Amino acid sequence: MDKKKISLPRLALKFGLIAGVAIVYCAVVGMTDRFTGRTIVNEVISLGDFLFVAFALVAGYAVAKPRALPGDLVPDRARPPAVAYGALAGVIAGLVTALFLVIANSVNLRLVLISVTETLIDKMSYGGSVGSALVYMTLGGALLGAVGASLWLLRERARNTLMIAFVTTIVFSLGEPLLRPILTTLLLKVRLTTTWLFFGGGLSRVGAVVVFVTTALIYYFWKQRGGEVRGRMQELPEAQRKGIRIAAIVLLIAFLLYLPNLLTSFLAEVLGTVGLYIILGLGLNIVIGYAGLLDLGYVAFLAVGSYTTAILISTRHPWGLEWSYWMSIPITILVAIVIGIMIGAPVLRLRGDYLAIVTLGFGEIARIIVISDWARPVLGGAQGILGIRAPAIGDLEIRDPEKLYYAILICVLLVAFISIRLAASRVGRAWNAMREDEQVAEAMGISIIGYKLLAFATGAALGSISGIFFAIKLGSVFSNSFNIIVSINVLALIILGGMGSIPGVIAGAFVLVGLPDLLREFADFRLLIYGAILVALMLFKPEGLIPSKRRKRELHERESEEEQYEERAGGGGTEPVISTS
Amino acid sequence: MSLLEVTALTKRFGGLTAVDSVDFHVDQGEIVGVIGPNGAGKTTLFNIVTGFYDPDEGEMRFDGKSLIGLKPNQVTKLGIARTFQAIRLFPAMTVLENAMVGQHCRTRAGLLGAVVRGPRTRAEERQIEERARDALGFFGNRLISNADELASSLSYADRRRLEIARAMSTGAKLLLLDEPAAGMNPSEKEGLVKLIGRLRDERNYAVVLIEHDMPVVKNVSDRVVALDYGKKIADGTYAEVASNERVIEAYLGARHEESA
Amino acid sequence: MRFALPERLSLQKIVQLVLGLLLAVIVLVSSMKTINTGNFSGSQWRSLVVSGIALGSMYALIAMGYTLVYGILFIINFAHGEVFMAGGYTAFFVARAFSDSGFLAENPIMSLIVVFAVGMLVSMLIAITLERVAYRRLRGAPRLVPLITAVGASLFLQNTFRGLYGAQVRAYPEVEMLSGSVSIFGMPVGKLSLLTILLAAVLMFTLFTFITKTKTGRAMRAVGEDKEIASLMGIDVDRTIVRTFAIGGLLAGAAGVLWGLIFQVGFFMGFFPGIKAFTAAVLGGIGNVVGAGLGGLTLGVLESVAPNLLLTGWDVPSPNQLTDVIAFTVLVFVLIFKPGGILGSDEAEKV
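From first to last, the protein sequence lines are chains P, C and L. Per my numbering, residue 1 is the first one in the first sequence, and the count goes up by one each step. Per my numbering, residue 582 is the first one in the second sequence, and the count goes up by one each step. Per my numbering, residue 842 is the first one in the third sequence, and the count goes up by one each step.
It should be emphasised that the hints constitute simulated quantities derived from the structure, not laboratory data. Please read all numbers here as calculations on a predicted model, not as lab measurements. Warning: the hint list may mix true and false statements.
[Stated by the list, open to error] Examples of chain P residues toward chain C, derived with CB under 7 Å:
id: 1; residue: Leu99
id: 2; residue: Ala416
id: 3; residue: Asn480
[Unchecked claim] Derived Cβ-Cβ restraints for the label pairs, each shown as a range:
id: 4; chain 1: C; residue 1: Glu710; chain 2: P; residue 2: Ala345; range: 29 to 39 Å
id: 5; chain 1: P; residue 1: Leu13; chain 2: L; residue 2: Gln1009; range: 30 to 40 Å
id: 6; chain 1: C; residue 1: Arg707; chain 2: P; residue 2: Ile249; range: 23 to 33 Å
id: 7; chain 1: C; residue 1: Met582; chain 2: L; residue 2: Arg978; range: 27 to 37 Å
id: 8; chain 1: P; residue 1: Phe540; chain 2: C; residue 2: Glu638; range: 50 to 60 Å
id: 9; chain 1: L; residue 1: Gln1009; chain 2: P; residue 2: Asp122; range: 39 to 49 Å
From the three backbone atoms N, C-alpha and C, an ideal C-beta is built for every residue, glycine too.
Please construct the entire structure, taking both the sequences and the accompanying hints into account.
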């Protein structure tokens, strides 16, 4: 009990400072300003305010979290004094913010930090003087910190309920651009509207309460049931379980097919883009997730797909080939495979990080050539290639977002199917073995050269498929689209979702590609958030959101005792076969 | 004719001669123990035979075919499989998958087969699984009952067993075991001795094992070969080798018969 | 899939030899063609070389940071380019303030010293923060993890500075003292280039002495060899690592200010120089400080001279667009054929 009391103040200080710095960071970087434009709950709180709220709450929460005392188990609830320290953390956060406001008010920071405008200071002071802002921040921080800390006074179920309801409400509000059209269309069928739910770009006050309470109730009462259902599912015979799984997938696919009817054109287009990135992600997933080859230049294959298609099909290309799609698609994929093998061949022997940099180099070489004047006669230089007509099946032209959505959806399903089949096959096992221990895999008869090239070729083929759609979608090919950010995008979504896991890739694509398109306010800070997410992921959850079971063990169990023994006894699995006997 | 015949095998690393003109043979159904102090060249010998290194001089023949210049996977295909001093399983693959990978060199399905999964591929997959389970089953219930667990979750002794099972599933005729008893307690070592005996008796494997534990070597080997500084210094039964003066000298004069 | 290569080793060596010869032939022929066009005079080539050396000096300073960190932690600090950017960009504001207030005109030397100091300190701070927040926890992780963290940190830093200072590109104020050129051995050399080369040389020499002669330098080398043993010898491993990052940051900051004086600054300015400096570090032998210096200079000259030398002969339009291709091609070739670089061993090859 003593130990805990001593460290709590220090924790309060630590988390309070961190939260304060975070809030100020958001302000000076420009996020707060942009975000105040987005309503979370109409006339109650904006996204900008939410930054302050969130950080203060989290600070209080983190302070009060029960920690193991030496020799004890971790208690599952905190004692009341923790709330005071949570409040303290909030106060510190508030003070740091207020300090920033004081400085901003007296010194013209705008000369250097462009985001610290008069407007910003005004907003953060809620229109009052800086002195009153000090009071607001301090009191507000105290309150929020206390609330965050007091969550730990509750039992786990209650606590989780509140947290999940809270997060769901926020997410619901942020998802307004997507949810409103869908819900409106659905509810219209039962003669209801959604005007009471959404207002001003976010949730209305009534709406927020409804969402919060509903989620809380659902979670609280169904959590238990969920556990029971899962338990009963485990007991079912394999065949029945498989049947249920298949039924679920069929339902999902049916829903996806019906989806465009619920969405606007814009949203269909967004989903189309998400689909493109899913295909890219699945392709890169094979190269990195299955075969373990860290490719940072994946955008090159996207470019190959797009440009080859453009050259073969465009009506405005100097070569004037104007082939049909039936001919050009197989050729495009073939070209991509050849280039994939050409890129793969020289890098076969390279180790992890070197391979990454070399592939990065290749990606950049591709980009530069594609933009260059030198290649302009063929690749169109900085202008790119225009005049890519839409593919047609009989009379049906595939140009508008809805039809493209279907085409892409079919492709996504196909590629996902291929990925799943590969994972559970001899080829997949060979890749896994090669990734985990190249030398032993070779001893098992796995041709390292062959399988690495196969991985590159497959990745190239899938990347080029995405490239084909990309060209069709835009009707032209712009050289600026093929930069390293795309490669990093794809990498990020695989890692966020969980490397090697197909649901993970899909989830990652939705989060990293779909969300930014929906949340306009985030658009400017997209890369910033990506970077932060990547770092945070690697520090805390390297296996991603929906990891495959293996990956979790692979990344977390490295330092188990026995492995340390083996490492001392005779070298770990990554050392060459040389030993001392 | 011997199953494995090594003649005047020599391997140098810069100025160091790791293996010095070694003659060595293993007959069908024999268990040969290889002993020698650290640095004597035992694992290097394994590495050369299995194709990880090319020898500088000498000949090696397995089942009549020359092993010179062969890559590790080609050696495996011929019928030699090995385990490693530090257990090298595929940690994030399941126990069953580890055993299944062993059969890679004996199977064929490629990309197309994986995606389409026609009758031939399915039959092959079934066969792979059967053979893998069979290899796992050799060890009683221990490995089979954990077939779908990750290899890294097994106990140390079970992981050693799995490594041997994986070697078995390659369809080998000769097993090279590198310090299989390392890290085991006395009762586990007894189990290991019985196991190796069963490998010979029930499945007709020839086995070569590198070991430092003399009682294990004594109880399991038909024949013992001793190396020191890359040279073979003794070749015969355990009794002969253990009483050989050069061998005793190589171990710095200590008598090892009772060491545990 | 079966690829039965008869003798692994010799096929690789043959391919290497063939490609090497091919490369040499291409370089030779291209150079001859260009020289034959007579487009460039001797003095033009000379000035290209000089600016190449200046460019290379900056690459060398940045490369030192990469190589130091790699030598001690065995990770590629992908975000080092942003360390370079942070100092150069932040120091800009100081320079501008000095210029606006007239201080720059009155006391150019003092101003420059302060500007450099600010740039170097800011870079150092960023480098240290990077180590503490992003890398420290990941010391034992599989290689993939720190690399991705570095990529994430790079993105984060780039865009943080974009948010802080804005997206447009800025030019350092003119420094009277540094404009124009001096005559060295009858050849005109820009004063700015001269400053760059000299400053870089001084810093690199200081670094080299530091590493070889001082206790901290020895500690750094020891930690690079074997962390555990080093700590058993009483070396504070954490502090040594922090110092390594700090030194790398200082050098990169100096390079950043120089870069700003010669070119411009912006939030994206670290990306390409970062990759090229990494190329330079690898070229010279990663982990080898002298190599980083040599690699940087080589790459700088190559980048300055090669596009014109190799491509003009073939009538390639706008050869300078393809400058970066040359750098990347060098990178790719070095990593593939000689990962150990000029001065390093080839142990970096296969694990």
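- Does the structure break any of the earlier hints, and which numbers would those be? Violated hints: 1, 2, 3, 7, 9; rest satisfied.
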